[in-house]
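Put together the whole structure using the sequences plus the hints.
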Amino acid sequence: MKLIAYNVREDERKYIEKWAKRNKIEVAMTDARITAETAFLAKGYDGICALQTSAYEAEMFQSIAQLGIHSFAIRSVGYDSVDIEAAKKNNVKVTNVPGYSPSAIAEFSVSQALQLIRRVPAFNQRMEEQDFRWSGLISKELKHMTVGVIGTGRIGQSAIDIYQGFGSKILAYDVYQNPDLKDRVTYVEEIAELFQQSDLITLHAPALESNFHMINEAAINQMKQGVYLVNTARGSLVDTDALLSGLNSGKVAGAALDTYENETAYFSHDWRGKTIEDTRLQELLDRSDVLLTPHIAFYTEKAVENMVDISLDSVKELVEIGKSRNEIY
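Okay, so the sequence shown: first residue is 1 according to full-length UniProt numbering, each after it adds one.
It is possible that part of the hints are untrue.
[Said to hold, decoys possible] Cut-off 27 Å, straight-line C-alpha distance, at most; resulting in silico cross-link-like pairs (BS3-like, lysine-lysine): (1) K224 - K169; (2) K24 - K2; (3) K14 - K24; (4) K251 - K140; (5) K24 - K251; (6) K143 - K169; (7) K2 - K323; (8) K43 - K2; (9) K88 - K323; (10) K143 - K182; (11) K43 - K21; (12) K43 - K323; (13) K2 - K302; (14) K88 - K143; (15) K43 - K24; (16) K302 - K251; (17) K323 - K18; (18) K169 - K251; (19) K143 - K251; (20) K2 - K14; (21) K24 - K323; (22) K14 - K43; (23) K18 - K43; (24) K14 - K302; (25) K21 - K2; (26) K169 - K140; (27) K88 - K43; (28) K224 - K251; (29) K140 - K224; (30) K323 - K89; (31) K18 - K302; (32) K21 - K302; (33) K2 - K89; (34) K2 - K88; (35) K18 - K2; (36) K182 - K224; (37) K169 - K182; (38) K274 - K302.
Hints listed in this document are in silico derivations from the structure and should not be mistaken for laboratory results.
Take a look at the structure:
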């Protein structure tokens, strides 16, 4: 068996090499993204492992199928960028990594929430200007806040564990309620209830057509005055224009965003010395009431190791037995 991993970062290489040695399987590596144009690199291999924020397009699945490759693993939880119908049409089975480290993302999201409510970005801005005054920046405590959690899968549940450690009251919303949480949190039947009652709202939902821009002008209008928003899930969940309007009006007191709806052209790239033409992204970067990070909530040593190991285990299963416990269809 021979496998190839696409879009490999330096921090992934040692884990890929360890897996290959442990399993006695050849795993080639390239820093190229997997597209129809780069599919030729996989010629002669039995399976592909990839990771990217840009789309896994129909033409790519057609290209790898023509090479005789029908086993494809992505090194991520989210698979909204995968053209599943094209994969099916070309008889390519696809797996994801359903839970590489929920605690990594949950810890990061709560740490960002703490920075928001304690007004750390604004204080940092003042410190840079040698203004050491406190006035106008009094903060809140999680212990006395109601936290609304949208999405209560592995990551949402981990976030709830942490917030409850601070003593926060938890409201939760999910189309599929988590049975492990029903005795610990208050589930609301309508998301509007969560909007109306939460002091801080944290998003842990996948990107679906049904929840595109779930945080929009209408949603924000239902929220408490001075609400805080944390998004470490998917950029498509938040209407950036509506969020900026909410921040400008004071309806939204602050936002921590580890993802952005038009992030693909910018996140994971070096833009030093270049002009950012996306004016909304630039405004988010310039604001002291916004914490913007480049999709790094997952980025810990353990998470990267798990992403590599689980994805390679999955593609190995597909090649060997034609199925995997982590298939996404």
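Hints, one by one, checked against the model:
With a C-alpha separation of about 15 Å, the suggested pair K224 and K169 falls inside the 27 Å cut-off, and the hint holds. Between K24 and K2 the CA atoms are separated by roughly 10 Å; this keeps the pair inside 27 Å, and the hint holds. Among the hinted pairs, K14 with K24 is consistent with the structure: their alpha-carbon atoms are about 15 Å apart, no more than 27 Å. Taking the CA atoms of K251 and K140, the gap is near 16 Å; set against the 27 Å cutoff, the hint holds.
At roughly 57 Å between alpha-carbon atoms, K24 and K251 are farther apart than 27 Å, so this suggested pair is violated. About 8 Å separates the Cα atoms of K143 and K169, which keeps this hinted pair within 27 Å; it holds. With a C-alpha separation of about 17 Å, the suggested pair K2 and K323 falls inside the 27 Å cut-off, and the hint holds. Taken as a hint, the K43 and K2 pair is honoured in the structure, with Cα atoms around 10 Å apart against an allowance of 27 Å.
Restraint check for K88 and K323: satisfied, since their Cα atoms lie roughly 14 Å apart, inside the 27 Å limit. Between the alpha carbons of K143 and K182 the distance comes to roughly 21 Å, so the proposed pair stays at or under 27 Å and holds. Restraint check for K43 and K21: satisfied, since their Cα atoms lie roughly 22 Å apart, inside the 27 Å limit. Taking the CA atoms of K43 and K323, the gap is about 22 Å. The hint holds against a cut of 27 Å.
Pair hint K2 plus K302 holds up; C-alpha atoms about 25 Å apart against a cutoff of 27 Å. Proposed proximity of K88 and K143 is contradicted: the alpha carbons are some 48 Å apart, above 27 Å. Note on K43 and K24: the hinted pairing holds, with a Cα-Cα distance of about 20 Å set against a maximum of 27 Å. Simply put, K302 and K251 have alpha-carbon atoms about 38 Å apart, too far for the 27 Å limit, and the pair is violated.
Taking the CA atoms of K323 and K18, the gap is near 24 Å; set against the 27 Å cutoff, the hint holds. Taking the CA atoms of K169 and K251, the gap is about 21 Å. The hint holds against a cut of 27 Å. A hinted pair counts as satisfied when its Cα atoms are at most 27 Å apart, and K143 with K251 qualifies at roughly 22 Å. For the suggested pair K2 and K14, the alpha carbons sit about 18 Å apart, so the restraint of at most 27 Å is met.
A distance of roughly 20 Å separates the Cα atoms of K24 and K323; the hinted pair therefore holds under the 27 Å criterion. Straight-line distance between C-alpha atoms of K14 and K43 comes to about 24 Å, which keeps the hinted pair within the 27 Å bound. Of the pairs offered as hints, the one joining K18 and K43 holds, with about 23 Å between alpha carbons and a cut-off of 27 Å not exceeded. At most 27 Å may separate the alpha-carbon atoms for a hinted pair to count; K14 and K302 meet this at roughly 13 Å.
A C-alpha spacing of about 13 Å is found between K21 and K2, which places the hinted pair at or below 27 Å, so the restraint holds. Of the supplied pair hints, the one linking K169 and K140 holds, its CA atoms being roughly 14 Å apart against a limit of 27 Å. For the hint pairing K88 with K43, the CA-to-CA distance comes to about 20 Å; that is within 27 Å, so the pair holds. Of the pairs offered as hints, the one joining K224 and K251 holds, with about 7 Å between alpha carbons and a cut-off of 27 Å not exceeded.
Of the pairs offered as hints, the one joining K140 and K224 holds, with about 15 Å between alpha carbons and a cut-off of 27 Å not exceeded. As the CA atoms of K323 and K89 are separated by approximately 17 Å, the hinted pair is consistent with the 27 Å bound. For a cut-off of 27 Å, the pair hint linking K18 to K302 stands: about 14 Å separates their Cα positions. Under the criterion of a C-alpha separation no larger than 27 Å, the hint pairing K21 with K302 is consistent with the structure, at around 19 Å.
Between K2 and K89, the direct Cα distance comes to roughly 24 Å. Compliance with the 27 Å bound is thereby established for this hinted pair. Restraint check: the Cα-Cα separation between K2 and K88 comes to about 23 Å, which is no more than 27 Å; the hinted pair holds. With a CA separation close to 15 Å, the supplied pair K18 and K2 stays within the 27 Å bound. For the given pair, K182 sits about 25 Å from K224 by alpha-carbon distance, which is consistent with the 27 Å threshold.
In summary, the hint linking K169 to K182 is supported, as the alpha carbons are separated by about 14 Å, within the 27 Å threshold. At roughly 33 Å between alpha-carbon atoms, K274 and K302 are farther apart than 27 Å, so this suggested pair is violated.
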